[in-house]
Amino acid sequence: MLEVIHLSKIYQDRKKTVEAVRDISFQIGKGEIVGLLGVNGAGKTTTLRIIVTLLKPTTGSVFVNGYEVTKEPENVRKQIGFLTASTGLYARLTGRETLMYFGKLHSIPQHELNKRIDEAIQLFHLSEFIDRKCDKLSTGQKQRINLARTTIHQPDLLILDEPTAGLDVLGAKAIVQFIRNVKSRGQSVLFSTHRMEEAESLCDRVIIIHQGKILADSTIKQLRAESGIDELQDLFLHIIDERE
Amino acid sequence: MFDLKKGLTIFQKEILDILRDKRTIISMIVVPILIIPILTYGVTWFAKIQMKKMMEKEAVVILQNAQNFPALRDALQKEEKIRIIENILDTTAAIAMLRDETAQAIIIIPQQWDSLKFTLGQIPYDTLQILSLKTKEEAQIVVNRLNQKIEELRKEYSKQLLLRAGMDAEILKPFEISQVDVSTPTEIGGKLLGMMLPYMLILLTLSGAMYPAMDLTAGEKERGTMETLLISPASRLDIVFGKFLTILTVSIVTALLTIFSIFFTSSGLFLTISEEIRTKLNLHIDFTIVATVLVLLIPLSATFSALLMTLSLLAKSYKEAQSYVSPMVIVTIFPAMMSMFPGVKTNLAFSLIPILNVSLLVKDAFTGTLEPLYLITAFFSSIVVAAIAMRICVVTFNKESVLFRI
Ligand SMILES: Nc1ncnc2c1ncn2[C@@H]1O[C@H](COP(=O)(O)OP(=O)(O)O)[C@@H](O)[C@H]1O
Ligand SMILES: [Mg+2]
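Sequence lines, in order, name chains A and B. If you're matching positions, the first sequence starts at 7 in the working numbering and goes up one per residue. If you're matching positions, the second sequence starts at 224 in the working numbering and goes up one per residue.
Possibly wrong hints are sitting among the right ones.
[Said to hold, decoys possible] Keeping only pairs whose Cα atoms sit at most 30 Å apart, straight-line, the calculated DSS-like set for lysine-lysine is: (1) A:K62 - A:K227; (2) B:K542 - A:K62; (3) A:K227 - A:K84; (4) B:K622 - A:K22.
Think of the hints as simulated: they come from the structure by calculation, not from any bench.
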């Protein structure tokens, strides 16, 4: 499904170079939910942006369903849905127009697209506001449109960059619910977070990233057993301390 | 790599999106339609009002030694809106009154002036002095009126002196002068438009592209929608194509509306002038003019669109984009203005310089002096410049350091 192989990313400008990601490798299988865990600046966003073809790797390669991100970026993009905390919507388009637009860019035939939009309206409870301009919607309503937009092309892999950041309890709960649903449909999810408890409640597996390097790739249960630490924060700090 | 269908999907969406924005409607439709008549009529109207105000105001003229020249005093007293003061004999005090605008002019009749000489048929050979402040417009209007009055008096006296000497007053005009204008109506109407239109056209083509260029790039980054678009299956080239075409369309529509507005305004203005002048000024648009404007306008618009898009792409926010694109206005104004300088003539070198070539050739088309060779060279030069600008735009759009600046 997803294969990351010896991936590195160096940001370079006139003033400085930043080694944001240093030789990381991991895999995600079909239907798996994996959390990418790390503090601010650990390299989460950079990694995810490379997977979704927004950035080019400095070295290494990434395959999504067998397509390589630098060689066939357009095919890779068909396999994935991407959502970040800062993802905005076109303020002057309605929810329906937004879904139509991205559906068309994904070359979904018109009748099929109409069907999928109807399904999305059901699934995300959009009927009340689907034909209202996005700038007239509440944060929660925008979030639901965004989730529908992320999945309109039925991607095999969902990449979510700190999806709950900046959301209230209800918003965060909706996201958690969404990730659970996705799993039941056999799609895979890679999501980044800096919150241990979120990872614990959702993930099959966590990948802990720190200063661009992977420190652990395992289940939380396994990590607890290895270290003998039960409390999540302490467990996380222990791993960073020990393996850095 | 390039998928026309996706490019057009993006174009369609961007047009819908931007047309729902009041700011686009204002800069694309309202400004070009209104700015020309407002400028034209506004300036004329304002000038008229100012003129009327000045004419209606009572002018104060200080007359010194008026008793020496009663004929002048009588003539001025008959004038409307002129008040004569005779009791200020000190010239310094009188000048002070000019400065604080309690008086507009001083006429000094010399002490030794002897009006009787006229009646006796002698020539006094003396000098009348009119004092005023050249820097005060109102005063100048008064001085003009005074000059006119005094000139009438002077003519009258010359006539009388000649009669007394037994000569005909006609001797003062030994021959007549007649000026004949042989320019054709196209040349006159064209000259008027030819000066103004290229400048307005170039600037509005630029300003029309400006808002969408910023909104579709920096604006999209600022609102956080750029990433979503970039991870859709549309390629970078599709995206640049769709956005560029949107900016180009808005810019061309703005330019075309400007042209219509200029024609309507001028025709409207012509209705207010006399029949005779109107037939002479007969506005004349033919195929050459339309073709020239279009041939030059489209690559110019493309260049502006691509450059503005590139500059705005560099910015992270709408505000930052504004500071990047505003220097382009200054760079554009100077060559655009060249159509208004009467001495500048199109030549091969000028026909190759972007913006300047449009300015000069559009003017030539209006005055009927278009040289086809220069139109061809200008067209190809514009195409090359536009292609370079578009290339720069595509390269910029593919730079991750530009799209993901932190
Ligand atoms: N566009 C960029 N240019 C230069 N440095 C960057 C850029 N984006 C991120 N970085 C740097 O790379 C490192 C990793 O950042 P990021 O991947 O955003 O981490 P995270 O998402 O885990 O907080 C940080 O030190 C950050 O400052
Ligand atoms: Mg991040």
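We went through each hint and held it up to the structure:
no.: 1; hint: A:K62 - A:K227; in the structure: 34 Å, violated
no.: 2; hint: B:K542 - A:K62; in the structure: 29 Å, holds
no.: 3; hint: A:K227 - A:K84; in the structure: 34 Å, violated
no.: 4; hint: B:K622 - A:K22; in the structure: 18 Å, holds
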